[in-house]
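Enquirer: Whenever a hint applies, use it, and build me the whole structure from the sequences.
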Amino acid sequence: MSVTGIPILDNLYPATMDMWPIEAKEFNRSWPFYENLKQGRFTTTKCKDCGNVSYPPRVICPQCYSENLEFTDLPKKGKVVVFSEEVKGVPLGFESPLIHAVVDLGVDPVKRLLTRIINCPAGTLKRGDEVQLAVFDIPAMPIEKGRAGTIMAERVFFAFEPVKK
Amino acid sequence: MSRNAVMLGGGQCKWGVREAHLVDLFQEAAKACLDDIPGLKPSDIDGLIVATSYAGRCSFQVNTAPVIAERLGLKPTSICTRCDTLCAGGSTGIILAKGLVESGNADMVMVTGGEKLYTPQKWEVFYSELASVDHDWDGVHGMGLPPPFFALTAQEHFMHYGSKKEDLAAVSVANYNYASDNPMAQMQKKLTLEEAMAAPTVVPPLTLYDCCPITDGAAACIITTDEIAKRFSNRPFVYLRGTAQVCLNSVSANFPGAHLADWKHTRIAAEKAYARAKVSPGDVKVAQTHDCFTISEVIEVEELGFCKKGAGGEFCGSKQIEVGGKVPVNTDGGLLAVGHPFGATGIRQGIEIMKQLQGRARHQVKDADIGLTHNLSGANAEHTIVIYGREPVK
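If you read the protein sequences in the order shown, they are chains L and S.
Quick note: the first sequence, position 34, residue 34 per the working numbering, numbers continuous.
Quick note: the second sequence, position 325, residue 325 per the working numbering, numbers continuous.
Hints listed in this document are in silico derivations from the structure and should not be mistaken for laboratory results.
For clarity, every value in this text was computed on a predicted model and none was experimentally measured.
Glycine residues also receive a C-beta, built at the ideal position from the N, C-alpha and C atoms.
Accuracy of the hints is not assured; some may be wrong.
[As the list claims (entries may be wrong)] Pairs of lysine-lysine residues, derived as PhoX-like cross-links and limited to a Cα-Cα distance of at most 20 Å, are as follows:
{"id": "1", "chain 1": "S", "residue 1": "Lys285", "chain 2": "S", "residue 2": "Lys319"}
{"id": "2", "chain 1": "S", "residue 1": "Lys122", "chain 2": "L", "residue 2": "Lys88"}
{"id": "3", "chain 1": "S", "residue 1": "Lys165", "chain 2": "S", "residue 2": "Lys309"}
{"id": "4", "chain 1": "L", "residue 1": "Lys76", "chain 2": "L", "residue 2": "Lys38"}
{"id": "5", "chain 1": "S", "residue 1": "Lys264", "chain 2": "L", "residue 2": "Lys111"}
{"id": "6", "chain 1": "S", "residue 1": "Lys31", "chain 2": "S", "residue 2": "Lys41"}
[What the hints assert, rightly or not] Residues from chain S shown here face chain L by an in silico Cβ test under 10 Å; the list is partial:
{"id": "7", "residue": "Gly142"}
{"id": "8", "residue": "Pro148"}
{"id": "9", "residue": "Gln155"}
[Stated by the list, open to error] What follows is a set of in silico ranges between Cβ atoms, one per label pair, in the way DEER data are often shown:
{"id": "10", "chain 1": "S", "residue 1": "Arg3", "chain 2": "L", "residue 2": "Phe27", "range": "41 to 49 Å"}
{"id": "11", "chain 1": "L", "residue 1": "Glu26", "chain 2": "S", "residue 2": "Arg3", "range": "50 to 58 Å"}
{"id": "12", "chain 1": "S", "residue 1": "Ser280", "chain 2": "L", "residue 2": "Pro139", "range": "54 to 62 Å"}
{"id": "13", "chain 1": "L", "residue 1": "Gly93", "chain 2": "S", "residue 2": "Lys264", "range": "29 to 37 Å"}
{"id": "14", "chain 1": "S", "residue 1": "Phe126", "chain 2": "L", "residue 2": "Lys76", "range": "26 to 34 Å"}
{"id": "15", "chain 1": "S", "residue 1": "Ser280", "chain 2": "L", "residue 2": "Pro14", "range": "46 to 54 Å"}
Expert: Structure, rendered in structure tokens:
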């Protein structure tokens, strides 16, 4: 049996039930991370005062509390240290196989990045395999802009994928 | 004269898939708590701490403490608040209550915790669990549902220390058997090693009995001072000797150990709690550790100092966690078999330690005088320890 939605929410968009981040600059000061992703860049923030690079991106430096930060590029290729593969019972929002891996991108603070591996058939990944950044589109989010009406904020997100040999 | 915090009594409701509302579960737990302390009336209680994490998401209710106070007939005058540290919420409430009663800012605090996780459509609880880790950086990768994270942890423990699937299965067997005669437990059946080894796969190497279930439930306890407790109970006092809560990271990329099976934050929490309680790991006669997954208990017995680092698999596999072993662990069945309604778990653990130290536990450890509870929460982001004893710290 199909289930109808909640009648009073017809034609409304409950952003609190959207599984992806609210990325738009109207709601998120780390929006350049997502804009950089759209250009195929994997970035985070670096402190221009003390040099500290932290992941995920922030609006203050966690070491010296400076607000003088800039986005810096992180490596986009790394090696699988260890991975898990879920074939049955994958939760809503994800496709089987749901693969998670600790990926070594070679530099701090991403020497052990836990991420999702996509574009990879079940049973084919091995420890030590090379993987690379994979950026994909996710549904746009409607944002009310007063008299200007509602705009659709385009969004992308990322995972990693095996490098074809 | 110094004030020393004790746990006066406590109780829990039946845990499992419950046909009840969140506020019903809190009422059942409060009744069980007061039934454990004959003579204590709701009007004797001046403070309330409510530990719940998913009330906002699953019951459409924030600012939970006044709601629960009213349902329980309490009129708090010292503290009335909610705390949310997910799996450690109950233990956090106990730590806060200790500070309040020892400082003289409260006399008699009820610490209660509970969750109603099963919603009319089951997808919603799994979907909402994306919020249990850093949502935008781990949750969106599907790390909110914890089996993949702990599967990676188990693989790294196998790789670095040579533990094996049989060691994990030994933890399931011990904890299920402890819960088999616990009427409040979600799982009440004995389990054999063969059954545990043959269970269906969740995420390799984790199989069904390696993972705690999703649970509705609540628990409540009373924290007061020994002087006040004398008026209500003839049982031995159970003192809150020392506590610690350590957070070094939240996002999984910043995990503080050399690998996922190296729990530096647990070690720091243990050192701090043992020092404050003026005891050493060898003094602990019984422990309730956070067995959200079997691999967690294997690593916890190491990092808490019950055995050498890396020897947790052998420790659990050789029955050292059973009554008669070196340190019996999760003697009421733990998260694996009693279940895990996040905010309630630390309180359930504290109640079991209280009963052990008062000589009235179902699986009694002989001459138990020092006991410990431990929780981890989030993507292994925070560790919380409470050490209980028959004597106050001198």
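Enquirer: Of the hints given before, which are not true for this structure?
Expert: Violated hints: none; all satisfied.
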